[in-house]
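Student: Letter by letter, the chains look like this.
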Amino acid sequence: MDPATQAAQHFAQAPNYILEFTYLIASILFIFGLKGLSHPDTARRGMFLAEGGMAAAIIGTLFHHNIQFFGWIITGLILGSLVGAAFAIWVPMTAMPQRTALSHAFGAIAAALVGIAEFTMHAQTMSLFTRSALGLEVMLGSLTTTGSLIACGKLQGIIRGTPVQFKGQQYLNLLIFLSMAGCFGYSLYDPSATAFFYGMVALGFLFGIMLVIPIGSADMPVVMSLLNSYAGLSSAATGFVLGNNILIIAGTLDGFSGFILSILMCKAMNRSITNVLFGGFGAVHHAAGAGATGEMREISLDDAAVRLAYASKVVFVPGYGLATAQAQHAVRDLANALEDRGITVKYGIHPVAGRMPGHMNVLLAEANVPYGELYEMEQINPEFPTTDVAVVVGANDVVNPDARDNPNSPIAGMPIIEVDKAKSVIVLKRGQGRGFSGLENPLFFKPVTSMLYGDAKSTLAQLTQQVKNV
Amino acid sequence: MQVSQPSASEAMDPMVLIAALYVFALAAFLGYLVISRVPPLLHTPLMSATNAISGISLVGSLVIAGSYQFDYHKLIGGGSAAHASMATLMGFVAVFTATVNVVSGFGLTDRMLKMFRKEIKGKEAHK
Numbered sequence: 013m014d015p016a017t018q019a020a021q022h023f024a025q026a027p028n029y030i031l032e033f034t035y036l037i038a039s040i041l042f043i044f045g046l047k048g049l050s051h052p053d054t055a056r057r058g059m060f061l062a063e064g065g066m067a068a069a070i071i072g073t074l075f076h077h078n079i080q081f082f083g084w085i086i087t088g089l090i091l092g093s094l095v096g097a098a099f100a101i102w103v104p105m106t107a108m109p110q111r112t113a114l115s116h117a118f119g120a121i122a123a124a125l126v127g128i129a130e131f132t133m134h135a136q137t138m139s140l141f142t143r144s145a146l147g148l149e150v151m152l153g154s155l156t157t158t159g160s161l162i163a164c165g166k167l168q169g170i171i172r173g174t175p176v177q178f179k180g181q182q183y184l185n186l187l188i189f190l191s192m193a194g195c196f197g198y199s200l201y202d203p204s205a206t207a208f209f210y211g212m213v214a215l216g217f218l219f220g221i222m223l224v225i226p227i228g229s230a231d232m233p234v235v236m237s238l239l240n241s242y243a244g245l246s247s248a249a250t251g252f253v254l255g256n257n258i259l260i261i262a263g264t265l266d267g268f269s270g271f272i273l274s275i276l277m278c279k280a281m282n283r284s285i286t287n288v289l290f291g292g293f294g295a296v297h298h299a300a301g302a303g304a305t306g307e308m309r310e311i312s313l314d315d316a317a318v319r320l321a322y323a324s325k326v327v328f329v330p331g332y333g334l335a336t337a338q339a340q341h342a343v344r345d346l347a348n349a350l351e352d353r354g355i356t357v358k359y360g361i362h363p364v365a366g367r368m369p370g371h372m373n374v375l376l377a378e379a380n381v382p383y384g385e386l387y388e389m390e391q392i393n394p395e396f397p398t399t400d401v402a403v404v405v406g407a408n409d410v411v412n413p414d415a416r417d418n419p420n421s422p423i424a425g426m427p428i429i430e431v432d433k434a435k436s437v438i439v440l441k442r443g444q445g446r447g448f449s450g451l452e453n454p455l456f457f458k459p460v461t462s463m464l465y466g467d468a469k470s471t472l473a474q475l476t477q478q479v480k481n482v
Numbered sequence: 012m013q014v015s016q017p018s019a020s021e022a023m024d025p026m027v028l029i030a031a032l033y034v035f036a037l038a039a040f041l042g043y044l045v046i047s048r049v050p051p052l053l054h055t056p057l058m059s060a061t062n063a064i065s066g067i068s069l070v071g072s073l074v075i076a077g078s079y080q081f082d083y084h085k086l087i088g089g090g091s092a093a094h095a096s097m098a099t100l101m102g103f104v105a106v107f108t109a110t111v112n113v114v115s116g117f118g119l120t121d122r123m124l125k126m127f128r129k130e131i132k133g134k135e136a137h138k
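In order, the protein sequences belong to chains U and W. According to our numbering, the first sequence is numbered sequentially starting from 13. According to our numbering, the second sequence is numbered sequentially starting from 12.
Don't read these hints as lab results, they were simulated from the structure. Do not rely on the hints blindly, as some may be mistaken.
As the list claims (entries may be wrong) - Restricting the straight-line Cα-Cα distance to at most 25 angstroms, the calculated cross-link-like pairs of lysine-lysine (DSS-like) are: (1) W:LYS85 to U:LYS358; (2) U:LYS179 to U:LYS358; (3) W:LYS129 to U:LYS358.
Unchecked claim - Computed footprint of chain W on chain U, listed as stretches where at least three residues anywhere in the stretch have a Cβ under 8 angstroms from a Cβ of chain W: (4) 59–69; (5) 117–130; (6) 257–263; (7) 379–388.
Idealized CB from N, CA, C, for every residue including glycine.
Full structure from sequences and hints, please.
Tutor: As structure tokens, then:
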């Protein structure tokens, strides 16, 4: 090899060193960005760092020596930025769960498509290890895509939120899973048998659907976290296929974040991940839900307002009903009116309240509640004996004392927000029917509890007026 | 010196593979440490942020969407001649979805984080 050719080759590879270095910087910035999220005060600054890293990585990649045709790239970047900006500006906070599910689907489909494209171009020349990583990437990517779309449909109300269950479902799912794994195995053994590879992709899409349809809305926080984890891991597998470290790092961070959240959510419901995925929540309830008897006491608006106005400490406990009624601002208004009277107001937030981790915190922050008033379950529970009024807004299972007192309850052992230890409880509820879980809630029959029926938003608005007039 | 192939996938020799596994293991460990320190208060922004960050798969999509000549007639013609154009199209869709995730992920995270305020009316924050 003559020196001139060597020099030319060296020059051709030089941009790769710059690119690798850019990726390294970007990876470090991502980690600093996530570290910033350990406190609300540093979070935004951290995110700016991560955004900078992302911009550098993308611009650097545009100079990659393999990229020769820019038409499709530019079109994709522009269209994607427009749609992404529209989401960022117009998605309401109450719709965060479904938008997050959709973004898991988008991330997963990107990973799956990159994998399929790599397979069509280079399957014959890949090492066994690369093909395994590619198979994992495409499997995780395809099942996460359809699974997230189903979750998104359920959260948006396009698909019924109730679990879809039938006899032999678990065997069918097992069969699909084994066929998918079989196709994966065979395409590892013989990469030229492309039918098996594409069969694996199709079965992956099917498995994603089957995995999420039996899961009820109340279990969504766990499912969201798991899908988050799968989407991240499929990105990480893409990194192994492409030999790209930043993909491995970012994908692993995403995957582990989802994994940690899944475990936290499962702990907050005292259930295992397999139980959520295969346990068929909702089905058990009707059998074991009897036991709570007695009379529910209704309270009038006037009485409720007077009780609140003369309290010295009030704790609000929000649930998913707060989001459906869009009542976060109404809660804040009532809290303001109470604080103007010198009453201490706090909010008790259960980890699985709502449909995704942290859902309630975001809604209340949107309504200008300072985060110092938002308390985690462990922090707020010791305060109830000194609380005059606990106001439950659209929450049900997370305040169900059966979880603590009745070992036969389907939710036995789930940690709850112990509102029943407060001096009095007011439950805001749409009607007398059972909540999403279909579970009877003995809290509603306790002597300390009064029920206030009606739409949470208008009820809270009227309460605010009444409190101001007291 | 190794001659670079006109392919998006770099060949994985065993040392590169082991280095990649090191990266994976260390990133997993670091991710565990960093993410377990995020308070439940910020779990929704966390999910949104990690989503945006994993949109870095965009860099893989870009290389695929831009490496091959797109030829409509070959695509319609089918067979192995169509593969390059199919790969370009798949890369294009992946560039689109990954860009949506990056832009909306960072945008929404910032919109959410802006709302978390310590004080509104001179009340004490806990802890």
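Student: Give a verdict on every hint.
Tutor: Right, here's what the structure says about each hint:
Between W:LYS85 and U:LYS358 the CA atoms are separated by roughly 65 angstroms; this puts the pair beyond 25 angstroms, and the hint is violated. With a C-alpha separation of about 46 angstroms, the suggested pair U:LYS179 and U:LYS358 falls outside the 25 angstroms cut-off, and the hint is violated. A C-alpha spacing of about 14 angstroms is found between W:LYS129 and U:LYS358, which places the hinted pair at or below 25 angstroms, so the restraint holds. Counting residues of the segment 59–69 of chain U whose beta carbon lies closer than 8 angstroms to any beta carbon of chain W gives 5, which reaches the threshold of three, so the coverage claim holds.
Counting residues of the segment 117–130 of chain U whose CB lies closer than 8 angstroms to any CB of chain W gives 10, so the stated coverage by that chain holds, three being the minimum. Proximity of the segment 257–263 of chain U to chain W, defined as three or more residues with a beta carbon under 8 angstroms from a beta carbon of that chain, is established by the 7 residues found. Restraint check on the segment 379–388 of chain U versus chain W: 9 residues with Cβ-Cβ distances below 8 angstroms, three needed, restraint holds.
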